[in-house]
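There are 2 protein chains.
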Amino acid sequence: MNDVIETILNHRSIRSFVDEPLCSEQIKTIVRAAQMASTSSYIQAYTIIGVKNKTTKATLAELAGNQPYVEKNGHFFLFCADLHRHEVSGKIENVNVSKSLESTEKLLVSIVDASLAAQNATLAAESMGLGICYIGGIRNNIDKVAELLKLPSYVIPLFGLAVGVPEKDTEQKPRLPFDNIYHEEEYLQDETTYINHLDEYNKTVSAYYERRTKGKRSDRWTEQMADMLKEAKRTHMKTFLQNKGFMRD
Amino acid sequence: MNDVIETILNHRSIRSFVDEPLCSEQIKTIVRAAQMASTSSYIQAYTIIGVKNKTTKATLAELAGNQPYVEKNGHFFLFCADLHRHEVSGKIENVNVSKSLESTEKLLVSIVDASLAAQNATLAAESMGLGICYIGGIRNNIDKVAELLKLPSYVIPLFGLAVGVPEKDTEQKPRLPFDNIYHEEEYLQDETTYINHLDEYNKTVSAYYERRTKGKRSDRWTEQMADMLKEAKRTHMKTFLQNKGFMRD
Numbered sequence: 001m002n003d004v005i006e007t008i009l010n011h012r013s014i015r016s017f018v019d020e021p022l023c024s025e026q027i028k029t030i031v032r033a034a035q036m037a038s039t040s041s042y043i044q045a046y047t048i049i050g051v052k053n054k055t056t057k058a059t060l061a062e063l064a065g066n067q068p069y070v071e072k073n074g075h076f077f078l079f080c081a082d083l084h085r086h087e088v089s090g091k092i093e094n095v096n097v098s099k100s101l102e103s104t105e106k107l108l109v110s111i112v113d114a115s116l117a118a119q120n121a122t123l124a125a126e127s128m129g130l131g132i133c134y135i136g137g138i139r140n141n142i143d144k145v146a147e148l149l150k151l152p153s154y155v156i157p158l159f160g161l162a163v164g165v166p167e168k169d170t171e172q173k174p175r176l177p178f179d180n181i182y183h184e185e186e187y188l189q190d191e192t193t194y195i196n197h198l199d200e201y202n203k204t205v206s207a208y209y210e211r212r213t214k215g216k217r218s219d220r221w222t223e224q225m226a227d228m229l230k231e232a233k234r235t236h237m238k239t240f241l242q243n244k245g246f247m248r249d
Numbered sequence: 001m002n003d004v005i006e007t008i009l010n011h012r013s014i015r016s017f018v019d020e021p022l023c024s025e026q027i028k029t030i031v032r033a034a035q036m037a038s039t040s041s042y043i044q045a046y047t048i049i050g051v052k053n054k055t056t057k058a059t060l061a062e063l064a065g066n067q068p069y070v071e072k073n074g075h076f077f078l079f080c081a082d083l084h085r086h087e088v089s090g091k092i093e094n095v096n097v098s099k100s101l102e103s104t105e106k107l108l109v110s111i112v113d114a115s116l117a118a119q120n121a122t123l124a125a126e127s128m129g130l131g132i133c134y135i136g137g138i139r140n141n142i143d144k145v146a147e148l149l150k151l152p153s154y155v156i157p158l159f160g161l162a163v164g165v166p167e168k169d170t171e172q173k174p175r176l177p178f179d180n181i182y183h184e185e186e187y188l189q190d191e192t193t194y195i196n197h198l199d200e201y202n203k204t205v206s207a208y209y210e211r212r213t214k215g216k217r218s219d220r221w222t223e224q225m226a227d228m229l230k231e232a233k234r235t236h237m238k239t240f241l242q243n244k245g246f247m248r249d
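So the sequence lines, in the order shown, correspond to chains A and Z.
Counting with full-length UniProt numbering, you get residues 1 to 249 for the letters of the first sequence.
Counting with full-length UniProt numbering, you get residues 1 to 249 for the letters of the second sequence.
Worth flagging that the hints you see were computed from the coordinates, not collected in a lab.
Quick caveat, the model's predicted, so the values are computed rather than measured.
Misleading hints may appear alongside valid ones.
If chains are identical, the list can't say which one is meant, so a pair holds when it fits in one copy or spans any two.
[To be verified] Derived DSSO-like pairs: lysine-lysine, alpha-carbon spacing no greater than 30 Å straight-line:
id : residue 1 : residue 2
1  : K91       : K216
2  : K238      : K203
3  : K144      : K238
4  : K91       : K173
5  : K54       : K150
6  : K99       : K173
7  : K91       : K233
8  : K99       : K203
Could you put together the complete structure from these sequences and hints?
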């Protein structure tokens, strides 16, 4: 196994950081790594906002659902899907690009672009001994986050990335069975096998929680998922995206 | 610089592969690496389909816009955003999860999840000396790709990943200026600076094309973008997504 694969397989989300800010060299390396990810037709449809200011971080933590590690970390990166640069490019070149920017296809493109960049940032950070946690919670109050960080039209905050020196190590959560994630030649058609995978996984996940909580929890994965999905959350998303210019068509 | 950062910074898309299939160990390592990416609330909302069958690959290449490297590579992975597993979880647990699965928020979650996994797969492959190319072209005929690979409801093909032993090395394309991608504390408010970044970048990109094509091309980046975006493409996307159960709310 090489160092890259070792770093990838060793990933765990870190939710407790030492009070030690990243230096500017570390930030530069992380952002440059992010930039080298593949991008759809060279579009580079994302922007990263780095937040150091303590008041801003505290506000973000509150908006994200009072997660302390949004406030207390070495650096907070906000990853945005961004087509504003392309709106400006249209103006510079005197070409109307709005129909294209407003297409659902371009929403997909910008989310994929931002995410590929973020995962590069993650691995660069982890390779330097730092820990990370993705913060989807910023979408709880996505309009307020956008306002706080002054995002223009065609820019949406997708997720945060809290980075810092890990204070506490955490355990890895077991992933879905290989054969349930990876299908050959076509989507797995045999429903019995598919359900068996989930049953098998439920046992693995239950055993994990039992061990970790010394018997206090033994959730099945399907139970966790059904519970999480019984109510739609962040139902403001479509309106927010459309207000920002996305997904109108 | 460590090996991880070196691998990340050395990335270039490879569009010509040696006729040598990946072995099953390589495929396993790549998929296991993908699985270790972060996932929103443990949802793991993606599936990877591995395609070896030559006829299927040839059809995919045609559907993706006749890109030869979709057919000729060491292995073809299709990354899908997938909430079907969660639909099944709802059935197992006797909980109605459809409102949640149909929310735009869950479209975002599944695209981000699939993309983070894909970038791990990419870096694992590159660390083993393989080359990769993301294939957004499969979205040209997304309904036919979904039909070909028998994707059920709540599953959408997002992009392919062609992987193999590189036949020809390629050059890296210069990325946007650091200060244009990375903003501090808030989105860059100074429009003059912002435009200056793009002007500066246009010069870099023009020089790159001039050098690479021995003077035959000298596109500016804003020109390329405006040209690409003057017409909306893949305008079938919203209907396709909604037919698959996504983004109805």
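Results for each hint:
no., hint, verdict
1, K91 <-> K216, "between (59 Å within a copy, 26 Å between copies)"
2, K238 <-> K203, "neither (36 Å within a copy, 38 Å between copies)"
3, K144 <-> K238, "both (15 Å within a copy, 27 Å between copies)"
4, K91 <-> K173, "between (48 Å within a copy, 24 Å between copies)"
5, K54 <-> K150, "within (17 Å within a copy, 50 Å between copies)"
6, K99 <-> K173, "between (43 Å within a copy, 27 Å between copies)"
7, K91 <-> K233, "between (37 Å within a copy, 20 Å between copies)"
8, K99 <-> K203, "between (49 Å within a copy, 27 Å between copies)"
Comparing the model with each earlier hint shows a violation of hint 2 alone; every other hint is respected.
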